[in-house]
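Place chains B and C on chain A using the hints.
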Amino acid sequence: MNKTVNKKAWFLILPVLLLVAFSAVIPLMTVVNYSVQDTFGNNKFFWAGLEWFEEMLASERMWNALGRQITFSAIILAIEIPLGIFVALNMPKKGFWASLCLVLMSLPLLIPWNVVGTIWQIFGRVDIGLLGYTLAALGIDYNYTQDFYAAWITVIVMDVWHWTSLVALLAYAGLQSIPDAYYQAAKIDQASRWKVFRFIELPKIMGVLMIAILLRFMDSFMIYTEPFVVTGGGPGNSTTFLSIDLVKMALGQFDLGPAAAFSIMYYLVILLVSYVFYTVMTNLDKRDGH
Amino acid sequence: MSLVLEGVSTVINGQTHIYPTDLELSSGTMNVLLGPTSSGKTSLMRAMAGLDVPTTGKVIWGGKDVTGMRVQDRGVAMVYQQFINYPSMTVYENIASPMRLLGQSKGQIDAAVKKAADLMKLSPFLDRKPLELSGGQQQRCALARALVKDAGLVLLDEPLANLDYKLREELRAEIPKIFEEAGSIFVYATTEPEEALLLGGNTAAMWEGTITQFGKTPTVYRQPVNATTARVFSDPPMNFLDIQKTGDRLLFGDAQSAPASGAFEALKDGSYIAGFRPNHLELAQQAPGALVFTGKLNVTEITGSETFIHLDHHGENWVGLVHGIKALEIGASLNVYLDPKHVYIFAQDGTSVAPAAYAVAA
Amino acid sequence: MAKITLENLAHSYLPNPTSEDDFALKELNHDWVDGEAYALLGASGCGKSTLLNIISGLLHPSQGRILFNDRDVTMAPTTERNIAQVFQFPVVYDTMTVRDNLAFPLRNRGADPAYIKERVQQIAAMIGMEDTLNHKARGLTADAKQKISLGRGMVREDVNALLFDEPLTVIDPHMKWELRTQLKSLHHEFGHTMIYVTHDQTEALTFADKVVVMFDGRVVQMGTPQQLFEQPEHTFVGYFIGSPGMNVLSAQVDGDKAVLEGTQISLGKGFDALSGKVELGVRPEFTSLSAGDEGLPVTIKRVEDVGRHKIVRADFHGTEINILAAEGAEISPDLNRVVFDPAGVNVYSDSWRVAPKVA
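Residue numbers (the working numbering), protein chains in the order written: chain A, 1 to 290; chain B, 1 to 362; chain C, 1 to 359.
If we strip away everything but chain A, and leave its shape as in the complex, we get (with noise of 0.2 Å):
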């Protein structure tokens, strides 16, 4: 559309401009600048090209590390999001029950994210946490920082505690947006619940759930502070997801070269990623004729 021309507009964005400047393009950089060169200590640099980047490449404990993201995220999409949808599906549309509804699935949410790892973590003990006493009295053996499953199941838990929230409060207001015609006419048609899920639900609220799922992936591919509260990476390095494993390289080791490398690496994963996703819901909208 040919809006009419208005130059003052500029100045507005001016501010923002400077802040993302400052807050991300400069440090974006200064990565960069990171990952092609060596250095020895004392502030001296010298030029190393893609030297790092292969070595990352090459690297079995990247793989590692990323082998395990990707289960953890593929996990974590399999039960939110059904979850999610199952939960919106189920909340009251109207009347006072929905808004109670509505504030304490927002809950979890409003959660910092450290506050959940430290709630998770003293939650899963087997002296004070009542999870963890429970099971323990159940007669089952869980002890998360030293069993593999303990620790995977407590740190998908948590986060399936913390974010179906999101995928519900998401898929509750698409479901909002469906007029009762739709509901009435299926009634008509003498359809079962689940082809009025399949056949009006699910296709109306895909646009969201689109949105849902990228930005569950996102978060869960960039996961830090909730299973680093509660796991450490452990045991050994059995939850040490991708950041985790950066932050140890770059912070613990102090290999910034590496670190950084890996940290582009992973930035153009996440980026090509949403690229896809983007590109698919817009796809889906201009099918849908908007």
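Mixed in with the good hints there might be a few duds.
[Unchecked claim] In silico PhoX-like cross-links for lysine-lysine, where the CA-CA straight-line distance does not exceed 20 Å:
| no. | chain 1 | residue 1 | chain 2 | residue 2 |
| --- | --- | --- | --- | --- |
| 1 | A | LYS286 | C | LYS136 |
| 2 | B | LYS245 | B | LYS268 |
| 3 | B | LYS216 | C | LYS136 |
[As the list claims (entries may be wrong)] Heads up, incomplete: computed chain A residues facing chain C, CB under 7 Å, no partners named:
| no. | residue |
| --- | --- |
| 4 | ALA181 |
| 5 | TYR182 |
| 6 | GLN184 |
| 7 | ALA185 |
| 8 | ILE188 |
| 9 | GLN190 |
| 10 | ALA191 |
| 11 | ARG193 |
| 12 | GLU201 |
| 13 | PRO203 |
[To be verified] Partial list, computed: chain B residues near chain C (C-beta under 8 Å):
| no. | residue |
| --- | --- |
| 14 | THR191 |
| 15 | GLU192 |
| 16 | LEU197 |
| 17 | GLY201 |
| 18 | TYR221 |
| 19 | VAL225 |
| 20 | SER305 |
Keep in mind the hints are simulated off the structure, nothing from the lab.
Idealized CB from N, CA, C, for every residue including glycine.
Only chains B and C this time, still in chain A's reference frame:
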């Protein structure tokens, strides 16, 4: 203050919404843009208002070129199909809002609001919120807000389309009255020919992004310059028939012919397209020399005092509108009569070669 | 196909209605004859959609019963009533093709696939969509989608009634024609009971055999289009039907004469003594202008050329009278009287029509 469009066209994303158009509107006139959906009415209005910058051409307002000027600087008021009011303000505040923006004095605002509310029959509702009013009242509020601005150009984009049939009639009767009070240029977009006729003034018939004809409404109605205008400006749609002219007679098929008199005399021999309006078909011979056509009756529709008859004439679907309630047998063969003076003749490419005799005589 | 009976039916949206005003639909006793096409006509908020939703089962009435072929279905859910409803905006299953859309109700009942195929073909031919059967329903135009909705409703052979809730609202004006005539042809061919809700008088009158006019939750008149036109039982019917509507003038009626603001006109039929507010109702179609001595003296305010006729808006002592004149007629200033055709004059007392004395 006149509004002149010179070669204005709008092309968006490679799609032409309006082809290069020239138009001149004088102040104090009611101008109707008539055409089906997607014929370019809204795009043209947006270009006039300044909401869109035209791809080519100039918009000249009162002698000044305003093509790139923002709409806020132009003194334009617009009323939309969806009743658009500020939901959190009362009706009084809604109507007062344009004047408050212009910085007018409290006394002036009060007087103007009371006057507009009176005109639109909203005086008892001044302290209610728009959503508490009925659809018709909300639209009246939007209209009042547009009027009070005393803008030079008032654009109405199918403002009555979302209202009940009867309400539409009522409001439509009031619009000419409001228009007479103001001195602005009114531009009213609609898809219904009847609305154009009731509003009077000038009409621009539009089809797929072009203005096919612009002139005084009765003229555009009775003397369309091409078949497209005739089609746009007829509801029910005009009936068409292929005819031949040989010598001094017009041949309508089925051994029906009429003398090629008056404007038809000068036509060259050859094939033409004849058009006539449904209300000119009759079930009994009224005039001497009327043409008789036989068709198979598909369906009849009764509107209370008139009957629509849908005929099949040699594969063509014809519509006729006759007075009175007629109970006719579906599937039966029916004779319909047409007085030749109601026939319009168009060339094969659609341009009008001769308007109907009755239209010129009127 | 079914006969639908409404018994003492009324509905209020409030939990504890006290007065009549609390009822959206006031008490109603009515029989809908099997196989007829009805229109429910009225302004917004008059209760017509409420009535339709009670018939379809989407709403349970707060009072009374509704029977299909003498079977009480008042509390029966929509799925059991075997009706079809076409809504204001097209409701199609976007992800399915046209064919699957039409087959949907039959598949839900577990019908035989061969039968489904044949029936879908039949219905597609009826609505004229045979060549788009394999298209996805998503990208089609609004009128095509409405046709699909209609087809989906008719695909069940034993459907009791077809209900339409202002179905042509989103359709382009020039397509409205086609759809309307198609509906009428379908009714003629298949004979389903059809109930059509609308606020558009042209749609109602052209579609229905009988029109039910509703006002303020009450059925004001039910009759053929001709009856509604020539003998409106209520001034609302006179006003609502006809464009422009009926002229209503205050008068004093004495025997077979009426006096309006001092002028006497002859009614052509006699009336008993009348009480309450007395008015005369005359449709513009039954009026004509004259330059003579008979009739009411009027001043002509505006003449509107509507194409196929002219509407003359005249003023009679502050009341507006609309008069129809032929296309191309001369309206000269010396036409200062309006004459009523006695056959078209109706007398109203407190807005309800009074029948003339039988001679």
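Restraint check for LYS245/B with LYS268/B, where alpha carbons must lie at most 20 Å apart: 7 Å, holds
Status of the SER305/B interface restraint (C-beta, 8 Å, chain C): 5 Å, holds
Evaluation of the interface hint that places THR191/B against chain C, nearest CB under 8 Å: 5 Å, holds
Residue hint ALA181/A, partner chain C, criterion CB-CB below 7 Å: 4 Å, holds
Hint validity - GLY201/B Cβ closer than 8 Å to any chain C Cβ: At about 12 Å, which exceeds the 8 Å cut-off, the nearest Cβ of chain C leaves the hint on GLY201/B violated.
Satisfaction of the GLN184/A interface hint, Cβ to chain C closer than 7 Å: Interface hint status for GLN184/A: holds (5 Å vs cutoff 7 Å).
Restraint outcome when GLU201/A is required to lie within 7 Å of chain C by C-beta distance: 11 Å, violated
Proposed interface contact between LEU197/B and chain C, which counts if any beta carbon pair is under 8 Å: 5 Å, holds
Proposed interface contact between GLU192/B and chain C, which counts if any beta carbon pair is under 8 Å: 6 Å, holds
TYR182/A as an interface hint toward chain C, with CB separation required under 7 Å: 6 Å, holds
Chain C contact restraint on ARG193/A - CB to CB distance below 7 Å: Where the cut-off is 7 Å and the nearest Cβ of chain C is about 12 Å from ARG193/A, the hint is violated.
Proposed proximity, LYS136/C with LYS286/A (alpha carbon, max 20 Å): Given that 20 Å is the threshold and the Cα spacing comes to 15 Å, the pair holds.
Violated hints, listed in ascending order, are 3, 11, 12, 17 and 19; each of the other numbered hints is respected by the structure.
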